[in-house]
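K.L.:
Please build the complete structure, drawing on both the sequences and the hints.
So the sequence lines, in the order shown, correspond to chains A and B.
Heads up: the first sequence at position 92 corresponds to 92 in the working numbering, and the numbers run straight through without jumps.
For the working numbering, count along the second sequence from 1 and bump the result up by 1000.
Hints were generated in silico from the structure; no laboratory data involved.
Quick caveat, the model's predicted, so the values are computed rather than measured.
Check each hint, because a few of them may be wrong.
Sample of chain A residues with no beta-carbon within 12 Å of chain B, all distances over it, derived [unchecked claim]:
| # | residue |
| --- | --- |
| 1 | N26 |
| 2 | S67 |
| 3 | K71 |
| 4 | R72 |
| 5 | N73 |
| 6 | P75 |
| 7 | I77 |
| 8 | S80 |
| 9 | P83 |
| 10 | S98 |
Computed footprint of chain B on chain A; a stretch qualifies when at least three of its residues, placed anywhere within it, have a C-beta under 8 Å from a C-beta of chain B [as the list claims (entries may be wrong)]:
| # | region |
| --- | --- |
| 11 | 35–49 |
| 12 | 103–112 |
With a cut-off of at most 25 Å between alpha-carbon atoms, the simulated SDA-like pairs for lysine to any residue come out as follows [claimed, not checked]:
| # | chain 1 | residue 1 | chain 2 | residue 2 |
| --- | --- | --- | --- | --- |
| 13 | B | K1003 | A | Q100 |
| 14 | B | K1003 | A | K69 |
| 15 | A | K71 | B | A1097 |
| 16 | B | K1038 | A | N7 |
| 17 | B | K1038 | A | D106 |
| 18 | B | K1003 | A | R44 |
| 19 | B | K1003 | A | N84 |
| 20 | A | K69 | A | N51 |
| 21 | B | K1003 | A | A2 |
| 22 | B | K1038 | A | G63 |
| 23 | A | K57 | B | K1070 |
| 24 | A | K71 | B | F1047 |
| 25 | B | K1038 | A | R9 |
| 26 | B | K1038 | A | G107 |
| 27 | B | K1038 | A | V60 |
| 28 | B | K1038 | A | L88 |
| 29 | B | K1038 | A | E30 |
| 30 | B | K1003 | A | L95 |
| 31 | A | K65 | B | E1044 |
| 32 | A | K69 | B | T1005 |
| 33 | A | K57 | B | T1031 |
| 34 | B | K1038 | A | K69 |
| 35 | B | K1038 | A | A2 |
| 36 | B | K1038 | A | D38 |
| 37 | B | K1070 | A | Q100 |
| 38 | A | K65 | B | A1001 |
| 39 | A | K57 | B | D1029 |
| 40 | B | K1038 | A | P8 |
Just so it is clear, CB atoms sit at the ideal spot from N, CA and C, and this is done for glycine as well.
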Amino acid sequence: EAQVTQNPRYLITVTGKKLTVTCSQNMNHEYMSWYRQDPGLGLRQIYYSMNVEVTDKGDVPEGYKVSRKEKRNFPLILESPSPNQTSLYFCASSLSGSNQPQHFGDGTRLSIL
Amino acid sequence: AQKVTQAQTEISVVEKEDVTLDCVYETRDTTYYLFWYKQPPSGELVFLIRRNSFDEQNEISGRYSWNFQKSTSSFNFTITASQVVDSAVYFCALSEASGGGADGLTFGKGTHLIIQP
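P.N.:
As C-alpha cells, then:
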C-alpha cells in the first residue's frame, strides 16, 4: 500500500529535550516536505526536499532541522524544542515537486511543556 | 510572494443545500498550480483536485465542482446537495512554477464546513 508513515503519532515532552519525528514514504517520490498546522493559521511549510541531499527552507523553518540522506526518509529534528513548537505536524511526499498532488502522513501531535 | 486567502473561516449549512467555498490567490508567476485538499474530522489530508494556470476549464466530479477564474484570481469549490460526510476543513493551496516545481506550497487557512443533518 502506498503510504507516508510518520512516527510517533503523539508525543509529550519538555522544553529543550531534543526530538526527532521520522517520515518515510514507499512511493519512490522525489519531493518530501514538512508542515505544521495550527488553529487559525492553516498549514505552513517548514522545510522541503527535492531529492537526496537537497533541502530548502519553507515559510517557518526556525527551530527545525531536516536531513535527506535517503530518498525514502525525511526526518524532522527539533534540537531544543520550545512550547511554541507545540503543534500538529504533517509530512508529505509527491512525485516530483510542490506542483504535484501531495500524499500526506497521518500527522504527529507534539506537545512541548 | 505567493498568498492564498480563504476568507470564510466557518460555514454551516443544512444537508442537501449547495455550498461554495471561496479561494483567492496572489502570485507573480504566469505558470502556477492550484489545489484543494480535504481534512475530515479524522485528521488526514486528502487531495481533491489540481489545476494549472493555463487550464481555466471548470471541472465537475460528482457533487463537487470547481470554478477557476484567472481574471479574479479565484479558484472556488462548490458542493452540490451537501451531505453530512462533507463536513471537514477544506484547504486551498498554491504552487508557483518559477522554481520548476522546486518551490514550496502555500496553503490558505482553511474553511471549516459543517453540514447539519
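K.L.:
Please work out if A:K69 and A:N51 have their alpha carbons no farther apart than 25 Å.
P.N.:
Holds, at roughly 9 Å.
K.L.:
With a cut-off of 25 Å on the C-alpha distance, tell me whether B:K1070 and A:Q100 pass.
P.N.:
holds, 20 Å
K.L.:
Would the non-interface assignment of A:R72 survive a Cβ cutoff of 12 Å against chain B?
P.N.:
holds, 19 Å
K.L.:
Does B:K1038 pair with A:G107 here, judged by a C-alpha cut-off of 25 Å?
P.N.:
Between B:K1038 and A:G107 the Cα gap is close to 14 Å, so the pair holds against 25 Å.
K.L.:
Check the hint pairing B:K1038 with A:P8 against an upper bound of 25 Å on the C-alpha distance.
P.N.:
Judged against 25 Å, a Cα distance of about 23 Å means the pair holds.
K.L.:
Is it true that the CA of A:K57 sits at most 25 Å from the CA of B:K1070?
P.N.:
violated, 29 Å
K.L.:
Can you confirm whether chain B covers the region 35–49 of chain A, using C-beta to C-beta distances below 8 Å and requiring at least three such residues?
P.N.:
holds (count 8)
K.L.:
Given the hint that B:K1038 pairs with A:G63, does the C-alpha gap stay at or below 25 Å?
P.N.:
violated, 28 Å
K.L.:
Would the hint linking A:K65 and B:A1001 be met if the CA-CA limit is 25 Å?
P.N.:
Between A:K65 and B:A1001 the Cα gap is close to 23 Å, so the pair holds against 25 Å.
K.L.:
Is the claim that A:N26 lies outside the interface with chain B correct, judged by CB distances over 12 Å?
P.N.:
Consistent with the label, A:N26 stays out of reach of chain B, its closest Cβ about 17 Å off (over 12 Å).
K.L.:
Check whether the Cα positions of B:K1038 and A:E30 lie no farther apart than 25 Å.
P.N.:
This hinted pair holds, its Cα atoms lying about 23 Å apart.
K.L.:
For the pair supplied as a hint, B:K1038 and A:A2, is the alpha-carbon distance within the 25 Å limit?
P.N.:
holds, 19 Å
Of the numbered hints stated above, those contradicted by the structure are hints 10, 14, 21, 22, 23, 32 and 34, listed in ascending order.
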